[in-house]
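Protein chains: 2
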Amino acid sequence: MKYQLASRMAGMKASAVREILKVTQRPEVISFAGGLPAPELFPVDEISKVAQEVCAEEGRKVLQYATTEGRPTLRQKIADRMNKIYNSDLKMENILITTGSQQNLDMAGKIFLNPGDVVLMEAPTYLAAINAFKAYECTFKEVPTDDKGMIPEALEKILETTENVKLVYVITDFQNPTGICWPMERRKAFMEIMAKYDIPVLEDNPYGELRYEGTTNPSLLSMDQRGQVMGMGTFSKTFCPGLRIGWLACSPDIMPQFVKVKQSADLHSSAFDQAIIDRYMDEFSLDEHVKEINALYGHRRDLIIQCMEKEFTDGTTWTHPEGGLFLWLTFPEGVSARKVFDKCIEKNVAGVLGEFFYPTTKSDRHMRINYSNMPDDRIKEGIRRMGEALREVAAGK
Amino acid sequence: MKYQLASRMAGMKASAVREILKVTQRPEVISFAGGLPAPELFPVDEISKVAQEVCAEEGRKVLQYATTEGRPTLRQKIADRMNKIYNSDLKMENILITTGSQQNLDMAGKIFLNPGDVVLMEAPTYLAAINAFKAYECTFKEVPTDDKGMIPEALEKILETTENVKLVYVITDFQNPTGICWPMERRKAFMEIMAKYDIPVLEDNPYGELRYEGTTNPSLLSMDQRGQVMGMGTFSKTFCPGLRIGWLACSPDIMPQFVKVKQSADLHSSAFDQAIIDRYMDEFSLDEHVKEINALYGHRRDLIIQCMEKEFTDGTTWTHPEGGLFLWLTFPEGVSARKVFDKCIEKNVAGVLGEFFYPTTKSDRHMRINYSNMPDDRIKEGIRRMGEALREVAAGK
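Going down the list, the protein sequences come from chains U and W. For the first sequence, the UniProt record's numbering begins at 1 and goes up steadily by one. For the second sequence, the UniProt record's numbering begins at 1 and goes up steadily by one.
Over 12 Å on every C-beta distance to chain U, these chain W residues come out as not near it, computed from the model:
| # | residue |
| --- | --- |
| 1 | 80 |
| 2 | 87 |
| 3 | 361 |
| 4 | 385 |
| 5 | 396 |
Chain W side only, calculated, beta carbon under 8 Å to chain U, not exhaustive:
| # | residue |
| --- | --- |
| 6 | 4 |
| 7 | 6 |
| 8 | 8 |
| 9 | 48 |
| 10 | 52 |
| 11 | 55 |
| 12 | 65 |
| 13 | 99 |
| 14 | 131 |
| 15 | 135 |
| 16 | 200 |
| 17 | 228 |
| 18 | 244 |
| 19 | 263 |
| 20 | 269 |
| 21 | 272 |
I should point out that these hints are in silico values taken from the structure, not numbers from a laboratory. Where a beta carbon is used, it is the ideal one built from N, C-alpha and C, also for glycine.
Make the full structure from the sequences, and use the hints.
Given below as structure tokens:
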């Protein structure tokens, strides 16, 4: 039969990264494409232990339907943890448990966006955010960014001259895909500008805890006095992604809208998975666990940058992230990222083409590289192959 | 700050049932309001065992990001099981794992509904479906129903005279809230009418396996030769709801739209919870487990109807479900359900007011009663109190 789809479906694409992952899952391919955490650090034995305890001590309660807002003790722990790390002042009532932090993107789109409304974003930015918002038929306006995040003057100008801006989406810590982190003065300047507008800010922060050097800045959420900033968080990078537990931290003034939308989207997130994380945090130290993750990822970042310094002799440059999962390559002027990508695939190595991360710009100069999910020997061999590909493209082969 | 919400938010309400549940959770209230399965039957020890095995044997894989479509072996098991029970011919490729079957309602709305489009529904129907679709600013048209489901002639007339019908939503087995089940001739008549139209049918079936007597009819999905019917299913009622694992069964022609929408909504459903259910079905018999559930619920239905026959002496009538979780009260003409409800609350007993289950009709004659979640003594005492309330309302007190 002939299906007639809603008009919003025309703009929605299958995730480019997920499609690429299918190509790059052949074992002979060294893939820097995914955004996967290192599975060797998943606390598998601890999860097994607490899962048993959940069943033994509260199984019949935890396996029943639960409240949409989420498990109270877990919401409290998240509030406490965010306050400690990012200097915020959250209470349990500010926290909504979500099905991965991805769910927040869909919910924010649903709550704030009419067709034609404008979303401001960094460029490049998280590609699944672009797709999630597209479902609500918005348009995007890229805010020019440099190596410190959104440029305040550029943001201000766009706000002054653009109608129907209904949401500003930012990733302030170790941004996906660039790995850059907004310094304090940028955060302040951003908040000062935004304070002049009644436009909500969605601060996505899946990577902030993965800092291997330097000091953590307060979140935008912590600097907000007027319920303007909604903060997204997740256990996917600090614990494991398979459980799909994230959260939203926001003002009680807007929380009921998210609860309503979540009710109709999936009633509540897995109560069993929530209980596992909650008990893990009672019995083990998530802080210590995150330290282990950071030691490993810091090592991998050092190694991959060392390798790139040696292998990337064609003028390609890269960001130097102090945390997170990604760095961002910029190829020399005139070198097509698409060509590099194709040459890489020939050599069984892959990153993600930069073009997917731009809401509107057509860019053919970049590639995203993930280094969190790769043992040393494969980092070395992968970057060697990529260097070879770069030299061949530069030589016009 | 002043929040400016998308226009769709004006139509969305917090779930009436979830709000009522808060009132009725006081321990002194005997509540027939929820739609909760009996927790004493949750296979807690079995879940504990398979959770350990998942961790020990495939922990690092299961706790990682996973495909949006879901765990292949679980998808296959669902297809096989549906084929056995409902006479369908599904393959793994027809099954998408979802975060509860509620997620399907949101996804179907997103995929098929533009503002102003029309959704046809039974009246009364599942209230969270009404809310999920409302997020897409549709309008509803109630198809007159009798004790066998949608009335074919009425459906045909509506289809002939209504523009922009984009979705038909039905619950064919032990409907929520009425408990009625469509007989075979109704299913056939429905499918014959629908075959004349390119309008997708969403067949919600959370209760079909909970049949305590009689024989199961083929699903609409199994009767469909043209990719028109999308079938929804869930483990919430046959296993436990806390894990939030449901599914969609549909044609490969429309599946990619659901995958795309699910990607942007939550990437994938809990891989850990999927693995638990998959392994449970390997090691234990879900069929035997469902038999136990049906024995208990059948007993509770018998008991509650017995009690109602004795206590409801005012002319109130009820449906006699052959399965599922609910029955539906109709009060005598002139008796306000709202008055009965208030009187019931005075006496610390509750059901759900019927009015919440109608997309458009204003109805004040009905109440939904859940009996799956209640031990015998509380059923007896609850119905005794309710009978007292009914007699007092009839007497004008």
